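Numbering (our numbering), first residue to last: 1 to 430.
In case anyone wonders, no lab produced these hints; they're calculated from the structure.
Please read these numbers as outputs of a predicted model, since none were measured by experiment.
Note that the Cβ used here is the ideal one computed from N, Cα and C, for glycine as well.
A couple of the hints might just be wrong.
Quick list of simulated restraints, FRET-style, between CB atoms [as the list claims (entries may be wrong)]: (1) Ile412 with Ala119: 27 to 33 Å; (2) Leu125 with Leu398: 36 to 42 Å; (3) Leu405 with Arg171: 33 to 39 Å.
Mimicking EDC-like on lysine to aspartate or glutamate, the simulated pairs with C-alpha atoms at most 16 Å apart in a straight line are [claimed, not checked]: (4) Lys274 with Asp241; (5) Lys76 with Asp59; (6) Lys274 with Asp59; (7) Lys76 with Glu272; (8) Lys274 with Glu77; (9) Lys76 with Asp241; (10) Lys76 with Glu87.
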Amino acid sequence: MCSATSSTLNTSVIGTPRLNSGAAFRRFLNSTAFLWMGWVVFRLLLLRRLRLDQRTLGDLYYYFNGVSSADPTALKEYPAAGIWPIEFIYRFFHLDAAHNAQAIFIFAFLVMFLITDAAFLAYLLGTAAPGKIIAGWFWVLFGFLLGQVYPTRLDIIPGVIVGVFTICLLRHPRSASFLLALATMMKLWPGILGVSLVGYYRSSGTWQRIAIFFASLTSLAIIIGFSGVSRLLSPLTYQSDRGLQIESLAATPFVLLGMLNDTDSYTVAFAESKSFEIYGFGVEAMTTVTSITMVAVLLFALCWAIQQLRTQIRSPHTTVALILFLIMLLLSTNKVFSPQYMAWIAPAMTVAISLRPTSQWLRFAAVLTLIATFCTSLIYPRYYDSFIALQPDVLPALVLVIRNLLIAMITIIAGIWWYQETKLTAQANS
Numbered sequence: 001m002c003s004a005t006s007s008t009l010n011t012s013v014i015g016t017p018r019l020n021s022g023a024a025f026r027r028f029l030n031s032t033a034f035l036w037m038g039w040v041v042f043r044l045l046l047l048r049r050l051r052l053d054q055r056t057l058g059d060l061y062y063y064f065n066g067v068s069s070a071d072p073t074a075l076k077e078y079p080a081a082g083i084w085p086i087e088f089i090y091r092f093f094h095l096d097a098a099h100n101a102q103a104i105f106i107f108a109f110l111v112m113f114l115i116t117d118a119a120f121l122a123y124l125l126g127t128a129a130p131g132k133i134i135a136g137w138f139w140v141l142f143g144f145l146l147g148q149v150y151p152t153r154l155d156i157i158p159g160v161i162v163g164v165f166t167i168c169l170l171r172h173p174r175s176a177s178f179l180l181a182l183a184t185m186m187k188l189w190p191g192i193l194g195v196s197l198v199g200y201y202r203s204s205g206t207w208q209r210i211a212i213f214f215a216s217l218t219s220l221a222i223i224i225g226f227s228g229v230s231r232l233l234s235p236l237t238y239q240s241d242r243g244l245q246i247e248s249l250a251a252t253p254f255v256l257l258g259m260l261n262d263t264d265s266y267t268v269a270f271a272e273s274k275s276f277e278i279y280g281f282g283v284e285a286m287t288t289v290t291s292i293t294m295v296a297v298l299l300f301a302l303c304w305a306i307q308q309l310r311t312q313i314r315s316p317h318t319t320v321a322l323i324l325f326l327i328m329l330l331l332s333t334n335k336v337f338s339p340q341y342m343a344w345i346a347p348a349m350t351v352a353i354s355l356r357p358t359s360q361w362l363r364f365a366a367v368l369t370l371i372a373t374f375c376t377s378l379i380y381p382r383y384y385d386s387f388i389a390l391q392p393d394v395l396p397a398l399v400l401v402i403r404n405l406l407i408a409m410i411t412i413i414a415g416i417w418w419y420q421e422t423k424l425t426a427q428a429n430s
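Produce the complete structure using the sequences and hints provided.
What follows is the structure, encoded as structure tokens:
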């Protein structure tokens, strides 16, 4: 009997610490400390990839040459506010008179990238969102999978601002309106997300959000206008005559025909838009189709804004779902799909996951987004020469098809999630 009692005591004394240590380890794996450790490791690996393959540094050379040029048309494809970050770097470090100015510019740009990337993660983790840890891991993995493009393009900045706007819209809606205006002036496309500011017409918050948004747009436009009206309008005129960029969803069938058929029916050339566009039979008609579908997306957004004014169907979840759905619609119907455009998706997807971590549709969409991001890193820079030359290479063609099919699937899933959230909110308010 004493032996049995002793055995029981030993089990309780020895077994409890083991159980406690196991629980503590699981808590650590689900902690912000472990997430930050992961961020450091994956970002160091990302920078190592950039060091080993420096082809994407050409974009940073281009930024430096543009911002240091006296030519007023330099970097005209970017809205004036879009190049404020690199203008800040150039002026802050006095690179006009610095020795080895280009190297300093590149180093400063990469530091700015790391600060921006980490700041978004920190802001996310500062919320009370139930899925912020898993959403944080999505953000960490996304940046690593996108590869060398991620730290060398300006698109991360407006993308992150849209992500912060999405969070602020639920916590500090007035600040969110200014952030959306800033993102719009930096990259234009976020302007469509102004629809998410619209709520019930009897709510004073609706008109406050809208008023701050337009007042901020006007103020920023006036500031930019001091450097010349042409600089304010150049991004709009630059975008007007674009053809089909080879990575876009609409261009996919023509790129496949050009790569897999031994004909000269299709060619790829570096266009005035400073992107590689495809030319050949049916391309012009498809370009018209994309223009029509883009107008349809804008009309959908306008109709939904009117609907929200009439009914009380606005909630945090429907708002985030709408933002994600609109971004996916823009990408799916766009004439252009550069690799850095994945940075449009990731911040909004991250916020969505943080709010609805148990949604099966959203989890599926997140996994598909990570796969599409990895495929994008293969498309550029690894396989890009094959697309430019329309070489008969099956593997690059397959990767492009898979990536664009995934984008289409994510768009559909985002639409389903938005519909479900809208339906749930309508039922709750009925």
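To see whether the hints hold, each was checked on the structure:
Evaluation of the 27 to 33 Å hint for isoleucine 412 and alanine 119 yields a pass: the beta carbon distance comes to about 32 Å. Our hint of 36 to 42 Å for leucine 125 and leucine 398 holds, since their Cβ atoms are close to 38 Å apart. Range check, leucine 405 to arginine 171: Cβ separation about 36 Å, and the 33 to 39 Å hint holds. At most 16 Å may separate the alpha-carbon atoms for a hinted pair to count; lysine 274 and aspartate 241 meet this at roughly 12 Å.
Between lysine 76 and aspartate 59, the direct Cα distance comes to roughly 15 Å. Compliance with the 16 Å bound is thereby established for this hinted pair. The hinted pair formed by lysine 274 and aspartate 59 meets the criterion: a straight-line CA distance of about 12 Å does not exceed 16 Å. Our distance criterion of 16 Å between C-alpha atoms is met by lysine 76 and glutamate 272, whose separation comes to about 11 Å. Our distance criterion of 16 Å between C-alpha atoms is met by lysine 274 and glutamate 77, whose separation comes to about 8 Å.
Proposed proximity of lysine 76 and aspartate 241 is supported: the alpha carbons are some 14 Å apart, at most 16 Å. At most 16 Å may separate the alpha-carbon atoms for a hinted pair to count; lysine 76 and glutamate 87 meet this at roughly 14 Å.
Of the numbered hints given earlier, the model fails none.
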